[in-house]
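**Student:** Sequence:
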Amino acid sequence: MSPRVVVTRRLPPQAQATLEKLDAEIYQWQEDSAIPRDVLLKEIKGADGLLCLLTDKVDNELLGVAGDNLKVISTMSVGYDHVDVEAVKSKKVQLGYTPDVLTDATADLTALLTLAAARRIKESIDAVRNGEWREWRPEWLCGSQFTQKTLGVVGLGRIGEAVAHRLKAFGITNVLYSGRSEKPKAAEKLQAKFVSLDDLLKQSDYVVVCCALTKETKEMFNYAAFEKMKRTAVFVNSARGGIVQQDDLVRALEDKLIASAGLDVTTPEPLSPDSKLLQLPNCVVVPHIGSATMETRDEMGLMAVRNLEAGLFGKSLPTAVYQL
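In terms of this note's numbering, the sequence shown has 248 at position 248, counting the first letter as 1, and numbering is strictly consecutive.
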């Protein structure tokens, strides 16, 4: 009897073709939207495997409904804060994710957001659309440039390192980083200095968040944190929305504690069209598109399918969150 799997979304073309070749009975949500919770709970009952996205909450409720047949959960994401990891591990269920492959795409987008926020791109586009583009003016829409400036990276993992590498090409002189531990190899390549978060906030011209969302990092960027930053600083978050106390960020931008912000992630997602963040001229927001290149999404899908297949047939996962 073939194993039964639940897949919560259509996958990119190559990954979808690979999925359909699996020797498995597949239930797949076909809409281009998150699978409703009630449908997921109905379909997961008795399933051997689950391929999910970061929009799908995997918790004790789901695990209880799934039952003892569940062998593997494969998430098509590098982050897994939507998964109760300890609960999954306690059930002896393998958990796979898709690291590394999205590093370049996410770093590109993070660098782009930093540039856009620093050079007031949102205001500039709006000025053209609103007929405000008149004669040349010496100080109109002047932003900041990177030459001889300091970059602060919160979380110098793979993505953080790649972001710093890109922004150094624009003339960044000093790179600071903070996190749970020092990263000597990456620091040597970047000539970066490990400092406390407080020192990073006080000294950096550009603060880029690339760390994971954990109990320790949840809402670590609150009003008090923004007060420590330079009034000319640019703040960028491409990690997880929950790392920022969003109302405090709005206040910080309104009160001009910082110059501008660029966000690929928010709380909640999707962000309401009437959110205050979207009304601010000095805040650039894009809809969580860090990994949104066809090359990256195809490879993420393939990795997720490979993890699913391995777990279904009793093999070690190619990219596992933990080892059982």
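Careful: at least some of the hints might be erroneous.
As the list claims (entries may be wrong) - Straight-line distance between alpha carbons at most 27 angstroms, and here's what the computed DSS-like set of lysine-lysine pairs gives:
{"#": "1", "residue 1": "K218", "residue 2": "K89"}
{"#": "2", "residue 1": "K91", "residue 2": "K122"}
{"#": "3", "residue 1": "K168", "residue 2": "K228"}
{"#": "4", "residue 1": "K71", "residue 2": "K91"}
{"#": "5", "residue 1": "K189", "residue 2": "K202"}
{"#": "6", "residue 1": "K42", "residue 2": "K122"}
{"#": "7", "residue 1": "K218", "residue 2": "K183"}
{"#": "8", "residue 1": "K57", "residue 2": "K183"}
{"#": "9", "residue 1": "K215", "residue 2": "K228"}
{"#": "10", "residue 1": "K230", "residue 2": "K183"}
{"#": "11", "residue 1": "K168", "residue 2": "K149"}
{"#": "12", "residue 1": "K256", "residue 2": "K92"}
{"#": "13", "residue 1": "K92", "residue 2": "K71"}
{"#": "14", "residue 1": "K71", "residue 2": "K89"}
{"#": "15", "residue 1": "K215", "residue 2": "K168"}
{"#": "16", "residue 1": "K122", "residue 2": "K89"}
{"#": "17", "residue 1": "K42", "residue 2": "K89"}
{"#": "18", "residue 1": "K57", "residue 2": "K149"}
{"#": "19", "residue 1": "K122", "residue 2": "K45"}
{"#": "20", "residue 1": "K89", "residue 2": "K315"}
{"#": "21", "residue 1": "K92", "residue 2": "K122"}
{"#": "22", "residue 1": "K315", "residue 2": "K57"}
{"#": "23", "residue 1": "K256", "residue 2": "K183"}
{"#": "24", "residue 1": "K230", "residue 2": "K256"}
What the hints assert, rightly or not - Label-pair distances were calculated between CB atoms; the ranges are:
{"#": "25", "residue 1": "T214", "residue 2": "N60", "range": "37 to 47 angstroms"}
{"#": "26", "residue 1": "E25", "residue 2": "K218", "range": "33 to 43 angstroms"}
{"#": "27", "residue 1": "T214", "residue 2": "E123", "range": "27 to 37 angstroms"}
{"#": "28", "residue 1": "N69", "residue 2": "Q145", "range": "32 to 42 angstroms"}
{"#": "29", "residue 1": "M294", "residue 2": "S2", "range": "45 to 55 angstroms"}
{"#": "30", "residue 1": "P273", "residue 2": "T55", "range": "15 to 25 angstroms"}
{"#": "31", "residue 1": "N60", "residue 2": "A169", "range": "38 to 48 angstroms"}
{"#": "32", "residue 1": "N130", "residue 2": "K89", "range": "47 to 57 angstroms"}
{"#": "33", "residue 1": "V85", "residue 2": "S33", "range": "20 to 30 angstroms"}
{"#": "34", "residue 1": "A127", "residue 2": "K45", "range": "49 to 59 angstroms"}
{"#": "35", "residue 1": "R251", "residue 2": "D68", "range": "48 to 58 angstroms"}
Worth flagging that the hints you see were computed from the coordinates, not collected in a lab.
Remember, it's a predicted structure, so these values are computed and weren't measured experimentally.
In this text, a Cβ means the ideal position worked out from N, Cα and C, and glycines have one as well.
**Student:** Hint by hint, say whether it matches the structure.
**Tutor:** Hint check results:
| no. | hint | result |
| --- | --- | --- |
| 1 | K218 / K89 | 23 angstroms, holds |
| 2 | K91 / K122 | 48 angstroms, violated |
| 3 | K168 / K228 | 24 angstroms, holds |
| 4 | K71 / K91 | 9 angstroms, holds |
| 5 | K189 / K202 | 24 angstroms, holds |
| 6 | K42 / K122 | 44 angstroms, violated |
| 7 | K218 / K183 | 22 angstroms, holds |
| 8 | K57 / K183 | 32 angstroms, violated |
| 9 | K215 / K228 | 22 angstroms, holds |
| 10 | K230 / K183 | 25 angstroms, holds |
| 11 | K168 / K149 | 10 angstroms, holds |
| 12 | K256 / K92 | 50 angstroms, violated |
| 13 | K92 / K71 | 8 angstroms, holds |
| 14 | K71 / K89 | 11 angstroms, holds |
| 15 | K215 / K168 | 31 angstroms, violated |
| 16 | K122 / K89 | 44 angstroms, violated |
| 17 | K42 / K89 | 22 angstroms, holds |
| 18 | K57 / K149 | 41 angstroms, violated |
| 19 | K122 / K45 | 47 angstroms, violated |
| 20 | K89 / K315 | 16 angstroms, holds |
| 21 | K92 / K122 | 48 angstroms, violated |
| 22 | K315 / K57 | 25 angstroms, holds |
| 23 | K256 / K183 | 33 angstroms, violated |
| 24 | K230 / K256 | 10 angstroms, holds |
| 25 | T214 / N60: 37 to 47 angstroms | 19 angstroms, violated |
| 26 | E25 / K218: 33 to 43 angstroms | 39 angstroms, holds |
| 27 | T214 / E123: 27 to 37 angstroms | 34 angstroms, holds |
| 28 | N69 / Q145: 32 to 42 angstroms | 58 angstroms, violated |
| 29 | M294 / S2: 45 to 55 angstroms | 31 angstroms, violated |
| 30 | P273 / T55: 15 to 25 angstroms | 19 angstroms, holds |
| 31 | N60 / A169: 38 to 48 angstroms | 46 angstroms, holds |
| 32 | N130 / K89: 47 to 57 angstroms | 54 angstroms, holds |
| 33 | V85 / S33: 20 to 30 angstroms | 26 angstroms, holds |
| 34 | A127 / K45: 49 to 59 angstroms | 55 angstroms, holds |
| 35 | R251 / D68: 48 to 58 angstroms | 49 angstroms, holds |
When held up to the earlier numbered hints, the structure conflicts with 2, 6, 8, 12, 15, 16, 18, 19, 21, 23, 25, 28, 29 and fits the remainder.
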